[in-house]
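Enquirer: Just so you know, the sequences run in chain order A and B. One point on numbering: in full-length UniProt numbering, the residue at position 970 of the first sequence is 970, and numbering is uninterrupted. One point on numbering: in full-length UniProt numbering, the residue at position 83 of the second sequence is 83, and numbering is uninterrupted.
Worth flagging that the hints you see were computed from the coordinates, not collected in a lab. Some hints here could point you the wrong way.
Some residues of chain B that are not near chain A, with every Cβ distance over 12 Å (derived) [to be verified]: (1) 53; (2) 91; (3) 106; (4) 114; (5) 142; (6) 164; (7) 169; (8) 196; (9) 201; (10) 301; (11) 308.
Simulated pairs of lysine-lysine, DSSO-like, Cα-Cα distance not exceeding 30 Å [said to hold, decoys possible]: (12) A:703 with B:354; (13) A:307 with A:285; (14) A:782 with A:616; (15) A:1103 with B:354; (16) A:813 with A:285; (17) A:285 with A:1103; (18) A:307 with B:354; (19) A:530 with A:616; (20) A:679 with A:1103; (21) A:1102 with B:354; (22) A:332 with B:139; (23) A:717 with A:257; (24) A:679 with A:257; (25) B:354 with A:332; (26) A:669 with A:1102; (27) B:283 with A:332.
Not the full set, but computed from the structure, chain A residues with beta-carbon under 10 Å of chain B [to be verified]: (28) 70; (29) 377; (30) 1038; (31) 1072; (32) 1107; (33) 1118.
Only a predicted model underlies this, so the values are computations on that prediction, with no experimental measurement involved. In this text, a Cβ means the ideal position worked out from N, Cα and C, and glycines have one as well.
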Amino acid sequence: MDFSALRNLISRYCAGEENWVDSRTVYIGHKEPPPGAEAYIPQRFPDNRIVSSKYTFWNFVPKNLFEQFRRIANFYFLIIFLVQLIIDTPTSPITSGLPLFFVITVTAIKQGYEDWLRHKADNSINQCPVHIIQHGKVVRKQSRKLRVGDVVRVKEDETFPCDLILLSSSRDDGTCFVTTASLDGESSHKTYYAVQDTKAFNTEEEVDTLHATIECEQPQPDLYKFVGRINIYLDRDEPIARPLGSENLLLRGATLKNTECIYAVAIYTGMETKMALNYQSKSQKRSAVEKSMNAYLIVYLCILISKALINTVLKYVWQADPNRDEPWYNEKTETERQRHILIRAFTDFLAFMVLFNYIIPVSMYVTVEMQKFLGSYFITWDDEMFDEELGEGALVNTSDLNEELGQVEYVFTDKTGTLTENNMEFIECCVDGHVYVPHAICNGQIMPGAASMDMIDSSPGPGGREHEELFFRALCLCHTVQVKEEETVDGIKRGIHQGKATSVYISSSPDEVALVEGMKRLGFTYLRLKDSHMEIQNRDDEIERFELLEVLNFDSVRRRMSVIVKSSTGEYYLFCKGADSAVFPRVISGKVEQVRARVEHNAVEGLRTLCVAYKKLSPAEYEEVCHQLSSAKLALQDREKKLAEAYDSIERDFILLGATAVEDRLQDKAADTIESLHKAGMKVWVLTGDKMETAAATCYASKLFRRNTQILELTTKRTEEQNLHDVLFDLSRTVLRQHGSMTRETLSGLSNEYHDYGLIIDGATLSAVLKPSQEGSGGNYKEIFLEICRNCSAVLCCRMAPLQKAQIVKLIKASKEHPITLAIGDGANDVSMILEAHVGIGIMGKEGRQAARNSDYAIPKFKHLKKMLLVHGHYYYIRISELVQYFFYKNVCFIFPQFLYQFFCGFSQQPLYDTAYLTLYNISFTSLPILLYSLMEQHINMDILKRDPSLYRDIAKNSLLRWPIFIYWTFLGVFDAVVFFFGAFFLFDNTTFTSNGQLMTTNTQMMFGNWTFGTLVFTVLVFTVTLKLALDTHYWTWINHFVIWGSLLFYIIFSLLWGGIIWPFLNYQRMYYVFMQMLSSGPAWLSIILLVVVSLLPDVVKKVLCRALWPTTTERIQRRKANMNFERVVTFSHDSLLDGVQSTSQA
Amino acid sequence: MMASSYNAKEEDGHHSGSVGPGGAGAVKSRKPDNTAFKQQRLPAWQPILTAGTVLPAFFVIGLIFIPIGIGLFVTSNNIKEFEIDYTGMDPDSPCNMCINSTTPCRCSIPFTLEQPFENNVFMYYGLSNFYQNHRRYVKSRDDSQLNGDKSSLLYPSKECEPYRTRNGLPVAPCGAIANSLFNDTLELIYYYPNKSSMSIPLVKTGIAWWTDTHVKFRNPGGNNNLTAAFKGTTKPENWQNPVYELDPTNPENNGFVNEDFIVWMRTAALPTFRKLYRIIQKKKDNLTPTLPPGNYTLEITYNYPVISFDGHKRMILSTISWMGGKNPFLGIAYITVGSVCFFLGVVLLIIHHKFGNRNNNADIPN
């Protein structure tokens, strides 16, 4: 990530000085501007080649090796390998070279394959034909040869080859429709506009006559921002300048729809397109397990170094006697003798390091990676997380975080589209306090009836009548909904048009669709936008036409949108709709009180409310507005700001018309999921942009707040009355007092009256809390706020800007317990928090795919979060923690005997095991069982995990990778190693540990040497370590049986083979028949059995005792399940099981 | 033995055989296959280690191990072993005079066997404080040379340094191990009660692994005309005779396949070790013991210096049983482990009764 960013930076700065300017000038059709015009510095632009691949054929080997050796584990083994090559080491370089080579090769092949796929994809994109206008003719070219300034013709359903400025379209009004499904997943059709002065060009020849330059900003990744200016040179000297905005910019990757063909000019090409700029990988997230793993590694590295140091020192102490250093039977070579003592000592130190280096389990990294990669398939395969409606299951974008799913402490969820369906339904509207409810809907069909509306309130007076009509027209006009003819629509149908089933409404905002549809039910049908005229069919079936003059688009800061229209009678209207807080302050007349009451009432019901207001403009005012807007739009710099200012001055002095209410239903099982998360000990925060009342209602509905939850409010309303400081202290006192009394109650055993708190905070107050205040007490606010939050089981943050969501997540992440956070959302506004949280989950929702694309995991529905965390997260955590601990354990067992052996071989670095065993121990003898365990283990049935969320608490706070447990495993490893070594030692030392040869048919008694000793230890080691895993396995499928017994069998077969032949390519034959001779000896069998039993005994006893005396919840459940199954067998009735299970879940 | 519950949840006709992700096919349809493997619902045996379930295992282990241990212990005790340290450190020892002698020196140590040694008796020499497992020592050999490879015979491996060449000629066999071949000669003389003496016949062959003498160690160019085969090489520095004259009595037992040599070449695991030297075969008639009780003399040709590194030399006589040589450790270990398991079984039984029921009945998850 950093690397590519750096490369971009470098290439940008190295490309030439001219690229320093912050805007670029594009000559349309490569025509130089007339000499009189401003002198532009010519610029070089990249071609339109897309390069997503990392390597080329030539640099693959060096670059890939470099990338791989940047990983610390690989580098460590490379160093060990080099040391082995350079100095005279006890083990051959093969022992570390082979695994390293294996790992590197496998990774390189994988990456090479992926890169090859990318190359293929790149090529197919780069070579697809585009049509370019040259000298009035259409020329076919390969896409990669496209250059900035080329005029391109794109036909319907073609994808734009680069970022283009729309010059003209085949549609009369100079618009074209585009879907950006592949960019942000929004399948709705968006409208783009041609430059006013060029939209008349309809043929290639005409386009070719255009003489213009475009000035625009340098490429930047924001998809929705663009500022530029087109200068058109006509015959006159003075060029015509027109503003260009994102509505003129067609993005690469988007597809042209419903438009026959367009002409457009390329301005950003290749890697500078917005799509390519957005194509950067996300920053790597590291899981808590990985952090513990690294901590353990450091401990082991220290152990390794101290072992080597101890042995080196002891070696020189021991060798002080020359008869030990160099007895007559074992002399050194002359060169060895002459070497300086320090060099000798250093070489010895390195040799010891090499001898013990296996204690750092490099294969662990490989296994962990494989486990994560393979394990994540279980998530994608999960049938229960498959959504029939979407036709999609869960997606895993990062498999690195599987186990983090089992560690979540805070869940931050978006409301709209995440907790709720984001399937809007128009409920009611209110004009001047009169409530209109569309006819009850039966199975989606409106009841017949001329008026097709139902008035709850009394009929409005004549003045009201006028407002009513205006209100309906306002809703019909103030939107960006498009009407699609049925047969041309291939996207998702969003509207249900009952009367004439010919058209549907499509919009990027489902609220708008709901509103327009609601209007239709109330008698006002929006028909279409034609020639800048919006057509409405009113209740009397007359068609009214309004000329659409300006659209002041919606944005999340203003939280409103406006349109300016001219009615057929020539009156100018400005209609505005927006959030109540955005509209009320700008209203000067109208029945504000009644509407406000209704809005609040609806908000409490959990409905989404919008207010509608209007004002009439005189032609002079309209001119003024036009002027303001166009000057703002023309600005090259700070256009956003200037536009905002212009909007602000235009959208004021409204007359309030009324309000609407739209319902967004809760998602299926959202409440159940939230309840489960609560029971699992997670704190659930809802972060939403909605208003407080609406959000609170949703929270109650989703059981985030329960009836007995005491709500603490930290909102602008309160802080207006009291100052923030007092409010904060008040709240914290309430919470803490309760907390204190609660502990006292717990002590006295009266804790039944558990009281939980819910906090509501809004965006404005939050920013006040987080703002570092001048008096220096800002830090305190933050602390107090965190303290309050910590004691609340649920927190609702409303009126949040997207960035604030991320801020909250960051705040919790950085608090002193460093809890693991999870953010879940569906919209583009949740992306920042998804990226910020430890685990980001995207919902494949209706607001596009952006959240799902940026997330670590994507799920179709909120309810799937339950299985994701409680089952998958739990399993993965259990699995990987065992994997990590076991890996360290088995390597201690492996290497510690070797360390002990040094005390008996004169600290000469003599390895205990043969090279083949050293090499293959981690690669093949003991690798598969643990990998399989870490993929298959289920300590508890998944149905129970789902039913009893409190089990999740058992693994909270990284409980299986804490230091005491790590130390236990390490000591177990040391104990086992001591048993192996001294067991074999005593058998060899004071007796003739021999084979009597009966099995070998010769009647002799033969001696065993050091390699037999090592083989005996190694055999015990392999069996113990594998059986230890077998004891830990709670879920024995046939695959487990196959792999565990299979790998033991493999060890035996390998050893027989390895010792059975004089291997011609080896320069030593020390293992020849060693294994067979060992097996032919009765005492060897007896001692293997004995040592295996002794090594396993303490762990079994510890497990049994802990289970009997201090059982965890998990263990109790396992126990009960076993009993229950027993019962089932006895009574042979299915009901008793169900009863038992139910009583479990109730209790 | 363990509380187990076999939960076959759904009948799953086909396990998807591969452990890895065969996911390519699944991606296409998007709908995941509903196989038991992919849904992690393979039928499984789910054992749990609890006091109740481990209990029988402990008792069973105890019951099996204790008899085995007793058997081993008794067998080991029935094995007769006799050991003499003939280093000669003690000034009274007959071999004391040989300690500093540079020429071959003979000494004899009288000893008495109280009990008869039945069946085949094995005679060992033992060295202590001799680091045959030192790394420099262990690797100082050339297995190709020993396997009869002609080029290795003339160009021994570098590992043999500094015992690779001598006087410009390659050493055969090269290396420190070969160079330090044990070269004391031990003989046993039995004194009949009537004072007449008899030299006990010692068998030199059959003391090394069969595979070693027949496969791993081979003379260059077969066993014929060893003198010619070893032409162009020289004997190791410390040897009195070249490799093809190691056993003057048996021409088959010369060169690299000499069994004394092969036994020595199998480096010991620990600094104190014993190696098989000779076998005393049981009498044909099977009536008199192989070594009847009485007076013996150990005749030693004392060549091998061990004083410089505080070493000791021993001669050991031993009978064997089905489980090898005298080995009290294994028997004791089995008895101990068996008893510990039995004891733990009792403890667990108590725990199981005291806590097991409580846990079973009153465990309401909080």
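Enquirer: So, as I understand it, the hint says residue 70 of chain A touches chain B; can you test that by seeing if any CB pair is closer than 10 Å?
Expert: With a closest approach of 27 Å, the residue 70 of chain A hint is violated.
Enquirer: Taken at face value, is the distance from the CA of residue 1103 of chain A to the CA of residue 285 of chain A at most 30 Å?
Expert: Violated. Residue 285 of chain A to residue 1103 of chain A sits at ~35 Å, over the 30 Å cutoff.
Enquirer: Given the hint that residue 782 of chain A pairs with residue 616 of chain A, does the C-alpha gap stay at or below 30 Å?
Expert: Violated, because 47 Å separates the two Cα atoms, which is more than 30 Å.
Enquirer: Within a Cα-Cα threshold of 30 Å, do residue 332 of chain A and residue 139 of chain B meet the stated pairing?
Expert: holds (13 Å)
Enquirer: Mind verifying the non-interface call on residue 91 of chain B? Its CB should be farther than 12 Å from each CB in chain A.
Expert: holds (21 Å)
Enquirer: Given the hinted pair residue 813 of chain A and residue 285 of chain A, is their alpha-carbon gap at most 30 Å?
Expert: holds (13 Å)
Enquirer: With chain B as the partner, please determine if residue 1118 of chain A meets the hint condition of a C-beta pair closer than 10 Å.
Expert: holds (5 Å)
Enquirer: Quickly compare the C-alpha distance for residue 307 of chain A and residue 285 of chain A to 30 Å and report which way the hint goes.
Expert: violated (34 Å)
Enquirer: Given the hint that residue 1103 of chain A pairs with residue 354 of chain B, test it: the Cα-Cα distance must not exceed 30 Å.
Expert: holds (17 Å)
Enquirer: Take a quick look at whether residue 307 of chain A and residue 354 of chain B sit within 30 Å of each other, Cα to Cα.
Expert: The given pair, whose Cα atoms are some 45 Å apart, is violated under the 30 Å limit.
Enquirer: Is it true that the CA of residue 679 of chain A sits at most 30 Å from the CA of residue 1103 of chain A?
Expert: holds (27 Å)
Enquirer: Is the shortest C-beta separation between residue 1072 of chain A and chain B less than 10 Å?
Expert: holds (5 Å)
Violation of the numbered hints given earlier is confined to hints 1, 5, 6, 11, 12, 13, 14, 17, 18, 23, 24, 25, 26, 27, 28; the remaining hints are satisfied by the structure.
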